[in-house]
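Asker: So the protein sequences, as listed, match chains V and W.
Per this note's numbering, the very first residue in the first sequence carries number 6; after that it's consecutive.
Per this note's numbering, the very first residue in the second sequence carries number 6; after that it's consecutive.
Please keep in mind that the hints were generated in silico from the structure rather than gathered at the bench.
These numbers were taken from a predicted model, which means no experiment stands behind them.
Treat the hints loosely; a few may be bogus.
As the list makes no split between identical chains, a pair holds if one copy fits it or if it spans any two.
What the hints assert, rightly or not - Computed list of lysine to any residue pairs in SDA-like fashion (alpha-carbon distance at most 25 Å, straight line):
1. Lys424 - Thr442
2. Lys280 - Glu188
3. Lys250 - Gly490
4. Lys250 - Asp302
5. Lys424 - Gly455
6. Lys280 - Asp35
7. Lys280 - Arg97
Protein chains: 2
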Amino acid sequence: MSQGIQKAACIGGGVIGGGWVARFLLNGIDVAVHDPAPEARRVVEEVLANARRARDRLFPARPVREGALSFHADVAGAVRGADYVQESVPERLDLKRSVFAAIEAAAPADAPIGSSTSGFRPSELQAGMARPGRLFVAHPFNPVYLIPLVEIVGGPDGDAATLDRAEGVLRATGLAPIRLRREIDAHIGDRLLEAVWREALWLVHDDVATTQEIDDVIRYGFGLRWAQMGLFETYRIAGGEAGMKHFIAQFGPALKWPWSRLTDVPEMTDALAGKIAAQSDAQSGARSLRELERIRDDNLIGILRALETNDWGAGTTLRAPAAPGAPEPGADTAAPLVLHGTRVPPEWLDYNGHMTEFRYLQVFGDATDAFLAHIGMDAAYRAEGRSVYTVETHIRHLAETAVDTRLSVRTTILGHDAKRIRLHHEMIDEAGGVQATGEHMLLHVDTAAGRASPMAAPLTDRLAALAAAHGAASAPDHAGAGIRGIGWPAREEG
Amino acid sequence: MSQGIQKAACIGGGVIGGGWVARFLLNGIDVAVHDPAPEARRVVEEVLANARRARDRLFPARPVREGALSFHADVAGAVRGADYVQESVPERLDLKRSVFAAIEAAAPADAPIGSSTSGFRPSELQAGMARPGRLFVAHPFNPVYLIPLVEIVGGPDGDAATLDRAEGVLRATGLAPIRLRREIDAHIGDRLLEAVWREALWLVHDDVATTQEIDDVIRYGFGLRWAQMGLFETYRIAGGEAGMKHFIAQFGPALKWPWSRLTDVPEMTDALAGKIAAQSDAQSGARSLRELERIRDDNLIGILRALETNDWGAGTTLRAPAAPGAPEPGADTAAPLVLHGTRVPPEWLDYNGHMTEFRYLQVFGDATDAFLAHIGMDAAYRAEGRSVYTVETHIRHLAETAVDTRLSVRTTILGHDAKRIRLHHEMIDEAGGVQATGEHMLLHVDTAAGRASPMAAPLTDRLAALAAAHGAASAPDHAGAGIRGIGWPAREEG
Numbered sequence: 006m007s008q009g010i011q012k013a014a015c016i017g018g019g020v021i022g023g024g025w026v027a028r029f030l031l032n033g034i035d036v037a038v039h040d041p042a043p044e045a046r047r048v049v050e051e052v053l054a055n056a057r058r059a060r061d062r063l064f065p066a067r068p069v070r071e072g073a074l075s076f077h078a079d080v081a082g083a084v085r086g087a088d089y090v091q092e093s094v095p096e097r098l099d100l101k102r103s104v105f106a107a108i109e110a111a112a113p114a115d116a117p118i119g120s121s122t123s124g125f126r127p128s129e130l131q132a133g134m135a136r137p138g139r140l141f142v143a144h145p146f147n148p149v150y151l152i153p154l155v156e157i158v159g160g161p162d163g164d165a166a167t168l169d170r171a172e173g174v175l176r177a178t179g180l181a182p183i184r185l186r187r188e189i190d191a192h193i194g195d196r197l198l199e200a201v202w203r204e205a206l207w208l209v210h211d212d213v214a215t216t217q218e219i220d221d222v223i224r225y226g227f228g229l230r231w232a233q234m235g236l237f238e239t240y241r242i243a244g245g246e247a248g249m250k251h252f253i254a255q256f257g258p259a260l261k262w263p264w265s266r267l268t269d270v271p272e273m274t275d276a277l278a279g280k281i282a283a284q285s286d287a288q289s290g291a292r293s294l295r296e297l298e299r300i301r302d303d304n305l306i307g308i309l310r311a312l313e314t315n316d317w318g319a320g321t322t323l324r325a326p327a328a329p330g331a332p333e334p335g336a337d338t339a340a341p342l343v344l345h346g347t348r349v350p351p352e353w354l355d356y357n358g359h360m361t362e363f364r365y366l367q368v369f370g371d372a373t374d375a376f377l378a379h380i381g382m383d384a385a386y387r388a389e390g391r392s393v394y395t396v397e398t399h400i401r402h403l404a405e406t407a408v409d410t411r412l413s414v415r416t417t418i419l420g421h422d423a424k425r426i427r428l429h430h431e432m433i434d435e436a437g438g439v440q441a442t443g444e445h446m447l448l449h450v451d452t453a454a455g456r457a458s459p460m461a462a463p464l465t466d467r468l469a470a471l472a473a474a475h476g477a478a479s480a481p482d483h484a485g486a487g488i489r490g491i492g493w494p495a496r497e498e499g
Numbered sequence: 006m007s008q009g010i011q012k013a014a015c016i017g018g019g020v021i022g023g024g025w026v027a028r029f030l031l032n033g034i035d036v037a038v039h040d041p042a043p044e045a046r047r048v049v050e051e052v053l054a055n056a057r058r059a060r061d062r063l064f065p066a067r068p069v070r071e072g073a074l075s076f077h078a079d080v081a082g083a084v085r086g087a088d089y090v091q092e093s094v095p096e097r098l099d100l101k102r103s104v105f106a107a108i109e110a111a112a113p114a115d116a117p118i119g120s121s122t123s124g125f126r127p128s129e130l131q132a133g134m135a136r137p138g139r140l141f142v143a144h145p146f147n148p149v150y151l152i153p154l155v156e157i158v159g160g161p162d163g164d165a166a167t168l169d170r171a172e173g174v175l176r177a178t179g180l181a182p183i184r185l186r187r188e189i190d191a192h193i194g195d196r197l198l199e200a201v202w203r204e205a206l207w208l209v210h211d212d213v214a215t216t217q218e219i220d221d222v223i224r225y226g227f228g229l230r231w232a233q234m235g236l237f238e239t240y241r242i243a244g245g246e247a248g249m250k251h252f253i254a255q256f257g258p259a260l261k262w263p264w265s266r267l268t269d270v271p272e273m274t275d276a277l278a279g280k281i282a283a284q285s286d287a288q289s290g291a292r293s294l295r296e297l298e299r300i301r302d303d304n305l306i307g308i309l310r311a312l313e314t315n316d317w318g319a320g321t322t323l324r325a326p327a328a329p330g331a332p333e334p335g336a337d338t339a340a341p342l343v344l345h346g347t348r349v350p351p352e353w354l355d356y357n358g359h360m361t362e363f364r365y366l367q368v369f370g371d372a373t374d375a376f377l378a379h380i381g382m383d384a385a386y387r388a389e390g391r392s393v394y395t396v397e398t399h400i401r402h403l404a405e406t407a408v409d410t411r412l413s414v415r416t417t418i419l420g421h422d423a424k425r426i427r428l429h430h431e432m433i434d435e436a437g438g439v440q441a442t443g444e445h446m447l448l449h450v451d452t453a454a455g456r457a458s459p460m461a462a463p464l465t466d467r468l469a470a471l472a473a474a475h476g477a478a479s480a481p482d483h484a485g486a487g488i489r490g491i492g493w494p495a496r497e498e499g
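Go ahead and model the full structure; you've got the sequences and the hints to work with.
Answerer: What follows is the structure in structure tokens.
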């Protein structure tokens with residue numbers, strides 16, 4: 006779907022351009038790339054490898070659907086037939102303007118053209134274009150495949166309809182567009198970063214702290230607040246019950262204090278550059294660039310997931326795009342049903358290096374939910390005061406499931422009556438090997454009354470049809486068996 | 006333990022002082038508070054309520070151990086016998102100096118004295134003290150009970166041994182001290198924050214963005230990076246394979262560009278203050294201060310946990326302090342054993358509003374691990390190439406477990422042979438109600454060979470002693486039973 010977008014063109018394939026390629030491609034959009042640099046293809050492939058790894062960990066249960074990637078010798082070849090064009094070439098005004106001329110000459114007339122520039126205003130870029138209103142700044146943040154922010158700046162000659170359309174296209178790839186009310190040098194994010202960067206350079210220059218110590222102040226301190234609330238909302242809380250006015254009254258005077266060297270810019274001498282590089286080597290040099298990228302991405306994934314759990318801020322961008330039309334409840338009666346799959350992320354491992362035991366039940370529980378949705382017991386059904394609780398579970402662990410294994414679950418119905426459903430799940434790896442089995446007794450309940458209640462048709466009809474299709478032949482020998490073998494009670498082997 | 010600290014004194018009980026109270030108190034240290042303000046006790050109690058809620062969610066399985074809290078009418082009463090003193094009174098130099106004189110007059114001579122000041126240098130605070138070297142800045146960040154950073158600044162007359170001792174005391178409460186190499190106005194964090202604050206005020210003043218839009222730029226953008234890596238390490242990655250030198254060469258020139266209004270300070274007129282307050286109301290006014298605090302704290306907890314999973318940055322501060330001397334393996338043979346407890350956090354609930362099914366197995370799995378550690382199968386045992394895998398599990402869900410329920414697990418051994426252990430767990434709520442039972446067959450393995458292997462003494466001896474103590478009488482009727490009742494296979498009821 007993706008707001009009707011089929012094809013995006015990316016002009017410039019460095020780290021930022023490659024990040025744009027990943028944003029589009031991994032959201033099912035075809036991407037055509039042009040970059041004259043000989044190493045462009047390698048850089049794009051490396052960014053894509055990181056982005057795929059992040060995608061697999063962030064959305065283990067989401068079906069993989071990628072667009073087609075192509076590289077082109079010139080701008081015209083890349084932008085022909087594109088629904089959206091993103092420019093990410095080096096920050097030279099003459100170069101950017103010549104690229105925009107080439108894009109205008111070959112791209113469809115209504116394709117929005119976004120620029121990744123951090124340094125130029127849209128009015129500077131639009132000069133000389135036949136239709137300047139279609140060009141705007143769409144400034145992303147590295148890594149583009151994980152950081153949701155993109156700053157949209159239209160410039161004085163911007164076309165509001167084009168910006169609206171561009172926002173929709175970008176939002177459908179999981180980005181969170183923020184539109185500036187008017188153009189300004191360096192937009193918003195880089196102005197704030199620049200302010201901090203200048204102050205940090207003075208702190209290193211004056212030997213108040215090393216690069217490591219400054220980074221620690223940020224990441225053990227206000228960085229934790231800024232990942233979720235930013236500046237003003239954080240200060241609103243700090244102001245206490247009296248709110249923002251109180252905060253400004255209390256801390257306003259500090260604005261006049263000589264807390265900042267920012268009226269001055271440190272000279273980037275060779276000595277200062279060398280000092281920063283040496284401190285940075287001492288801080289981070291023990292890890293390769295690839296290691297640092299993986300650590301950064303894993304942390305970003307964890308932070309985004311934590312925010313998603315709380316339905317807050319950047320976590321809300323992880324919500325799945327609108328699902329394609331779901332099939333009729335219970336229409337598929339194949340035996341076994343395969344309704345759920347996932348991929349084992351590293352945080353599911355235990356100290357033995359395999360998937361930890363409760364994650365097996367998590368996968369089976371998700372498969373049960375998929376089965377219930379399949380027969381029509383979805384959120385709307387639960388909203389009417391009915392639901393299904395698991396009352397009993399029997400798991401057999403048959404293999405040691407490794408990280409990154411792609412799991413799918415085969416589900417059969419073992420039985421049902423007016424109030425109960427008995428399910429059997431098999432957890433299968435890519436090669437068809439059975440990792441574990443789960444047998445589950447579910448009870449239909451009236452959630453308001455808090456007690457078991459009978460199901461009505463059409464649910465009972467769907468269950469009967471599934472039970473007939475799955476048949477007694479599907480019941481495995483271990484169904485109904487308990488744990489036996491040693492100790493009490495002294496019963497016969499099952 | 007806590008580095009030998011028994012008692013801390015907190016002079017000043019506002020939001021920051023209350024946060025210090027919580028840091029000490031919830032880490033088992035007695036806290037004596039002095040604050041002449043009539044509402045001080047209420048503010049401290051409110052901060053403590055937030056801090057206890059955060060503690061319960063962050064460390065659900067850690068035993069609760071709080072110090073004793075007392076309020077005192079004067080400084081002398083609070084600091085008498087204190088091992089550490091923290092000052093958090095309003096930012097007026099005369100007031101702070103009179104407080105330090107009162108502290109010096111009554112506190113033990115070797116007690117370190119930390120100041121929460123954000124605006125004064127230690128040399129300004131030390132003037133007039135009999136022993137200036139014992140006073141230093143210990144500048145925390147709100148909320149003090151969750152943000153690990155504390156900036157330690159010793160000043161020119163600082164005493165290195167005192168600073169070392171203070172660092173140890175603070176680290177034992179989960180704080181992450183960063184020591185500045187020399188004093189500077191506003192230390193490090195507030196200088197960086199001040200730079201951003203000034204730039205943000207211009208953006209609001211010039212109508213480039215609203216407070217909400219600026220916050221979104223931060224929290225959807227670089228705030229996500231800064232929660233984990235800070236400024237320099239992030240830029241090192243952005244510099245690509247060429248590293249920090251390349252980044253500086255590439256972006257150094259931008260330092261000269263007019264990207265910042267920071268050479269100028271906006272006048273905080275009534276009009277600007279009113280505009281910020283109105284925008285902040287539009288952004289955050291729909292939520293009460295208490296709601297915003299809860300959201301902030303829940304997000305901080307999630308972010309800290311995500312970083313802990315990756316063993317990175319602020320997440321490393323969650324590691325439990327050194328455990329008190331563990332009992333002899335297997336020494337306790339009570340039936341049943343109670344070796345694990347936890348509290349149900351909100352993220353464990355499912356769409357039915359109860360603890361979701363796989364979390365039951367998580368609690369049982371943790372109880373199994375506690376049992377294994379109890380008999381001597383710990384990390385050292387596993388490091389020798391032996392471990393225990395769960396091969397079969399039977400869970401009976403008997404109640405709908407609610408959020409914040411304090412759960413404990415009663416464990417009995419049902420049987421054992423050379424290679425196997427059969428356990429039974431009961432999950433109990435505060436009132437003794439059984440929420441669920443778990444029966445588990447464990448297999449002892451040679452992890453290198455990847456196959457079952459016999460256990461050696463003293464493990465087998467400990468298991469035999471436990472089995473004898475727990476006895477056949479402990480085996481519940483449902484032990485060894487399977488799932489029965491409906492459908493295939495058509496066996497008799499169990």
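Asker: Next, verify each hint and record whether it holds.
Answerer: Against the structure, the hints:
1. For the homomeric pair Lys424 and Thr442, the shortest alpha-carbon distances inside one copy (23 Å) and between copies (22 Å) are both at most 25 Å.
2. Proximity of Lys280 to Glu188 under the C-alpha cut-off of 25 Å is restricted to the inter-copy arrangement: shortest distance 20 Å between copies versus 36 Å within a copy.
3. In this assembly of identical chains, Lys250 and Gly490 lie within 25 Å of each other by CA distance neither inside one copy nor across copies; the values are 71 Å within and 66 Å between.
4. For the homomeric pair Lys250 and Asp302, the shortest alpha-carbon distance between copies (23 Å) is at most 25 Å, but the shortest distance inside one copy (38 Å) is not.
5. In this assembly of identical chains, Lys424 and Gly455 lie within 25 Å of each other by CA distance solely inside one copy; the values are 14 Å within and 43 Å between copies.
6. Taking the shortest Cα distances, Lys280 and Asp35 never come within 25 Å of each other, neither inside one copy (45 Å) nor across copies (45 Å).
7. In this homomeric assembly, Lys280 and Arg97 never come within 25 Å of each other (Cα to Cα): the closest approach is 29 Å inside a single copy and 37 Å across copies.
The structure fails hints 3, 6, 7 (numbered hints given earlier, in ascending order).
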